[in-house]
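Peer 1: Given only the sequences and the hints, what does the whole structure look like? Please build it.
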Amino acid sequence: AVMARRPQGAALGVDGRKRAGPSRCGRRGTAGAAGSSAAEEHRATESGVVFLDVDGVLAPFGGDAPPPPPKTSDCSEFFPPFTPAALAALAAIVDATGARIVLSSSWRASDDAVRAIRERFRDFGPPLATVAFETTHPKKHMPRQWEIADWIRSRRPTRWLAIDDEPLVDGPPENRRYHHLFRGHALLIDSASGLGPHHVQPAIDILLREGA
Numbered sequence: 001a002v003m004a005r006r007p008q009g010a011a012l013g014v015d016g017r018k019r020a021g022p023s024r025c026g027r028r029g030t031a032g033a034a035g036s037s038a039a040e041e042h043r044a045t046e047s048g049v050v051f052l053d054v055d056g057v058l059a060p061f062g063g064d065a066p067p068p069p070p071k072t073s074d075c076s077e078f079f080p081p082f083t084p085a086a087l088a089a090l091a092a093i094v095d096a097t098g099a100r101i102v103l104s105s106s107w108r109a110s111d112d113a114v115r116a117i118r119e120r121f122r123d124f125g126p127p128l129a130t131v132a133f134e135t136t137h138p139k140k141h142m143p144r145q146w147e148i149a150d151w152i153r154s155r156r157p158t159r160w161l162a163i164d165d166e167p168l169v170d171g172p173p174e175n176r177r178y179h180h181l182f183r184g185h186a187l188l189i190d191s192a193s194g195l196g197p198h199h200v201q202p203a204i205d206i207l208l209r210e211g212a
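Counting in this note's numbering, the sequence shown runs from 1 upward without gaps.
These are calculated hints, taken from the structure and not from any lab test. Do not rely on the hints blindly, as some may be mistaken.
[Said to hold, decoys possible] Distance windows between CB atoms, simulated: (1) D95 with R177: 16 to 26 angstroms; (2) R176 with D123: 34 to 44 angstroms; (3) G98 with R120: 13 to 23 angstroms; (4) P126 with P173: 40 to 50 angstroms; (5) P173 with G125: 35 to 45 angstroms; (6) R177 with P202: 16 to 26 angstroms; (7) R177 with P126: 29 to 39 angstroms; (8) G62 with T158: 27 to 37 angstroms; (9) H180 with A88: 26 to 36 angstroms; (10) W146 with G184: 13 to 23 angstroms; (11) S154 with P84: 11 to 21 angstroms; (12) H179 with E119: 14 to 24 angstroms; (13) H179 with R209: 12 to 22 angstroms; (14) P173 with R153: 12 to 22 angstroms.
[What the hints assert, rightly or not] Below, in silico cross-link-like pairs of lysine to any residue (SDA-like), each with a Cα-Cα straight-line distance of 20 angstroms or less: (15) K140 with S154; (16) K139 with S154; (17) K140 with I152.
Owing to the predicted nature of the structure, the values given are computational and were not obtained by experimental measurement. We treat Cβ as the ideally placed atom computed from N, Cα and C, and that holds for glycine.
Peer 2: Right, dumping it as structure tokens:
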């Protein structure tokens, strides 16, 4: 398995999670943030939505210690690699459900990080190369559950799933706020191993469930 690394230079958000800070290979920005068109908002309510974390999901930690700062300004050194198994599992979920991806990871706060994700999806090929892709708000940093709930309240998707390595249903006290909303809509990933083939069918079942 490919051992992944946490991005360095992160700052702590109000919820104590690592947040993507200004990278050494570019400036902090709002790539993927975007105001969405009315047509895009309509598609988001009709198609399935996968709220996607990165660290511990596409880039599992595997027990590694954080790496030292990169020696160059090359973004490929700065951002941890995604495992082939995680990308294949995500592709299978998207292929079976037609879901769009909404990046809920703290990576959304960095232009370079979002660019790296898009490039890796393009390199993987269909369906990730062509999947509809946006982010939760890049400047609102609250508990992860609240960030996703903010997008859901605004866009009201009919079918959705949150894939994350932190609890979104139970877990810390702040998760009581939207506990009812996330029950049956969250897939908790082991951060040491990441997203894998055994997660594919449960994800598909949630996204295609009647009345989801």
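Peer 1: Give a verdict on every hint.
Peer 2: Hints and how they fare:
no.: 1; hint: D95 with R177: 16 to 26 angstroms; in the structure: 34 angstroms, violated
no.: 2; hint: R176 with D123: 34 to 44 angstroms; in the structure: 40 angstroms, holds
no.: 3; hint: G98 with R120: 13 to 23 angstroms; in the structure: 21 angstroms, holds
no.: 4; hint: P126 with P173: 40 to 50 angstroms; in the structure: 42 angstroms, holds
no.: 5; hint: P173 with G125: 35 to 45 angstroms; in the structure: 42 angstroms, holds
no.: 6; hint: R177 with P202: 16 to 26 angstroms; in the structure: 25 angstroms, holds
no.: 7; hint: R177 with P126: 29 to 39 angstroms; in the structure: 38 angstroms, holds
no.: 8; hint: G62 with T158: 27 to 37 angstroms; in the structure: 36 angstroms, holds
no.: 9; hint: H180 with A88: 26 to 36 angstroms; in the structure: 33 angstroms, holds
no.: 10; hint: W146 with G184: 13 to 23 angstroms; in the structure: 18 angstroms, holds
no.: 11; hint: S154 with P84: 11 to 21 angstroms; in the structure: 34 angstroms, violated
no.: 12; hint: H179 with E119: 14 to 24 angstroms; in the structure: 36 angstroms, violated
no.: 13; hint: H179 with R209: 12 to 22 angstroms; in the structure: 19 angstroms, holds
no.: 14; hint: P173 with R153: 12 to 22 angstroms; in the structure: 21 angstroms, holds
no.: 15; hint: K140 with S154; in the structure: 14 angstroms, holds
no.: 16; hint: K139 with S154; in the structure: 16 angstroms, holds
no.: 17; hint: K140 with I152; in the structure: 14 angstroms, holds
The structure shown violates the earlier hints numbered 1, 11, 12.
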